Structures are given as C-alpha cells and as structure tokens.
Amino acid sequence: MQSASKGKSASLIDVRSPAEFTGEILAPPGLPETCQRGGHIPGARSIPWGKAANDDGTFKSREELAALYGSEGVDETRPAIAYCRIGERSSHSWFVLKYLLGFENVKNYDGSWTEWGNLVGVPVERGTAQKIGA
Amino acid sequence: MRVEEYGERDLQVAGWDVHLTTYKLGDVYHCKADNVSPGAGLARTTGSTREEAESKAIERAEQLLSRTRRHAV
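As given, the protein sequences belong to chains S and F, one line each in that order. Take the first sequence: its position 39, counted from the start at 1, is 39 in this note's numbering, and no numbers get skipped. Quick note: to get this note's numbering, add 1000 to the position in the second sequence (first position is 1).
Isolated chain F (complex conformation):
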C-alpha cells in the first residue's frame, strides 16, 4: 500500500494551535493531531472519509486541550 491524499494543516482548537496530518492508506483515512509545541501527538484516528477521520481527531484533541489551564503569572 502507498500513502495517498497526504495533507497537513494548522488550526486552533480550544484556543490552542493544532497541526493535523491526514492521509489515505488503502481504503482508510488516517489523521494525527499534534499540539505544535512541542509536537506531541494528541490523537490518532481513522475513518472512511477524510472528514470523518479529521473530525474524530479534532474532537479528541478538543477534549484534551480543554483541560489545559492557563495560570496567572
């Protein structure tokens, strides 16, 4: 199998920068969301369409990122 429809994009989720990497492997779309800095993976999801895989990754990333609190310094 070879990777098809590879793409990357940045977006904001719950007020934080998120980097999405999406590609198709066989009949399955894979998506990875990372937190840009330091680039730690927040979610890896799959779906039958790009939209499905990405929406699952964004949903999971939002769950995790919404727990990150900002403190007054």
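Next comes chain S alone, as it looks inside the complex:
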C-alpha cells in the first residue's frame, strides 16, 4: 500500500463516507473508533461504496458503474485497491470492480484504515482529495 500510494502505481479507492475520508470522524457514527488518526491514504479517491447501488438496493448498470469509477480516474488500465475501515464495505466495491466491471487486477486492503490510521510513519492526508492531475 505504501508503494502504491507513493508511486501512484495503483488506483486507491476509499469507500468510506465523505466525513471519514476527510477525517471529520474516525468511524461510522456509533461504531468504535479503531484508529488514532483520521483522514485518508494520500492519493486515494473518495467513492463511497453505496454509490454502486440504486435506492432499491440493486446494483447500478455496468455503464453507470464505469462512469462512476471513471470519473475519479479509476479504470482497468491500472491496478485498483479498495479500502474502508475494516475491509467490509470495500469488499462490496471489490466485487463491483472485479465481477461487474471485470477489472483483472483489483485488491481489497484488508487492514484498511484500522491499520493505516494506526501505523507509525505513514503519511495521512486530511480534508478533501486533490483533483485528478493536480
């Protein structure tokens, strides 16, 4: 994850809520705060997991999903790594990328923010993400 973040060798997808992404909260409301620091992995894009679903709980169409991820610079030309707080929500996004969009190289960072947010010496970015290309 550190090399992917530093070298921009993979698309990092943060699927938590926007408030968790910015660092405003450390965990979903009412759940245990399992990290020391708030924020996100530098270079990660914020694409909350629920955006892959319609209001009735069904998955969005392939075209809609490609547009959702593509708008954040995530496509099948680069490896993709999804993460959340404990790897549960990101497993949903991993499924979408792997089996609905057919990306070959997709991983779920099982340590997720509970690991990264407690690691000593790793960079943490707070606030909103940098614009693509900035």
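Calculated from the structure, these hints are not laboratory results. Worth double-checking, as some hints may not be accurate.
To be verified - Cross-link-like lysine-lysine pairs, in silico, DSSO-like; alpha carbons within 30 angstroms at most:
1. K1032(F) x K60(S)
2. K51(S) x K1032(F)
3. K6(S) x K51(S)
4. K98(S) x K51(S)
5. K8(S) x K60(S)
6. K107(S) x K51(S)
To be verified - One side of the interface only, derived from the structure: several residues of chain F facing chain S at Cβ under 10 angstroms:
7. W1016
8. D1017
9. G1026
10. V1036
11. G1047
Stated by the list, open to error - Label pairs and their computed distance ranges (CB to CB):
12. Q1063(F) x K51(S): 26 to 36 angstroms
13. P79(S) x G1007(F): 39 to 49 angstroms
14. G73(S) x A1040(F): 22 to 32 angstroms
15. S9(S) x E1004(F): 48 to 58 angstroms
16. S1055(F) x V120(S): 38 to 48 angstroms
17. S1048(F) x T128(S): 43 to 53 angstroms
As the structure is a prediction and not an experimental result, all values here were calculated from the model. Note that CB positions come from ideal geometry on N, CA and C, so glycine has one too.
Could you slot chain F onto chain S? The hints should help.
Same frame as chain S, now just chain F:
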C-alpha cells in the same frame, strides 16, 4: 409466526441520523436502530409494546452515538 405492524422511520439521535425498524412477532415487539450510513446496526431491542422496544433502541443508540466525536478538518 408472521410479522405484524411493520414500520420504518428516520429520526435524529445525538445529532446523527438514525433509522428505526419496528415490527411485532408473536406477542413481542422488536426494534432495530441503524446509523443510516453505512447502515450498521446500533441496537436490537424487544418490548411488550412498540413504544417500549423503540425507546430501548433509541436509548442504546444515543449511548453509542454520543461517543462519536467530530474533529476539525
């Protein structure tokens, strides 16, 4: 047994959005409170009345939600 008097509603608890799902199964009312986003369950309670089950769920949800701190970004 079949579910009766099924209902859902949204409310704010300790400054956070909460979704309540309540229904009757046999003689017991069941209530589940979740935190809307990401929809994680905060409390599952029972009671002899809808009000009792819901008040227990709201009380437990308030205990948990009041621990969630907002940080300056």
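Task: Hints violated by the structure (listed by number, smallest first) - done: Numbers 9 and 11 - these are the hints that the structure violates, sorted from lowest upward.
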